[in-house]
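K.L.:
With the hints as constraints, model all of the structure from the sequences given.
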Amino acid sequence: MNPTDFQPTRPETLVAALLHLMTHYARTGCPRLAACISQHLQCLCVHPDADPVIREICAGLHGVWTETATGRAAADSLH
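For what it's worth, our numbering labels the leading residue of the sequence shown as 2, then goes sequentially.
Simulated from the structure, these hints should not be mistaken for laboratory data.
Since no wrong hints were added, every one of them can be taken at face value.
Using C-beta positions, here's what the derived DEER-type ranges look like:
#1 30 with 52: 26 to 32 angstroms
#2 24 with 72: 18 to 24 angstroms
#3 53 with 10: 17 to 23 angstroms
#4 21 with 50: 17 to 23 angstroms
#5 49 with 17: 14 to 20 angstroms
#6 17 with 57: 17 to 23 angstroms
#7 52 with 72: 28 to 34 angstroms
#8 24 with 47: 20 to 26 angstroms
#9 11 with 72: 30 to 36 angstroms
#10 10 with 54: 14 to 20 angstroms
#11 36 with 16: 15 to 21 angstroms
#12 64 with 18: 16 to 22 angstroms
Glycine is no exception: its CB is placed at the ideal position from the N, C-alpha and C atoms.
P.N.:
The following block contains the structure:
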């Protein structure tokens with residue numbers, strides 16, 4: 002691949018990847034998947050081409066998924 006051919010990832014591609022990762026997380030509960038989800042959410046919340054609503058939602062969910070990945074959410078949960 003020629004470095005000049007590089008194009009940033011489109012927001013739609015990141016959303017599709019998030020749906021895929023979240024589906025597999027629902028099946029496995031793997032904390033590594035939760036970490037990947039958190040990273041993808043972080044990418045989307047700062048992506049200049051993402052819709053402002055998507056950026057805002059992803060910014061809010063990023064912390065939730067970070068807690069899920071580190072196990073803090075489970076320890077603090079009352080349910």
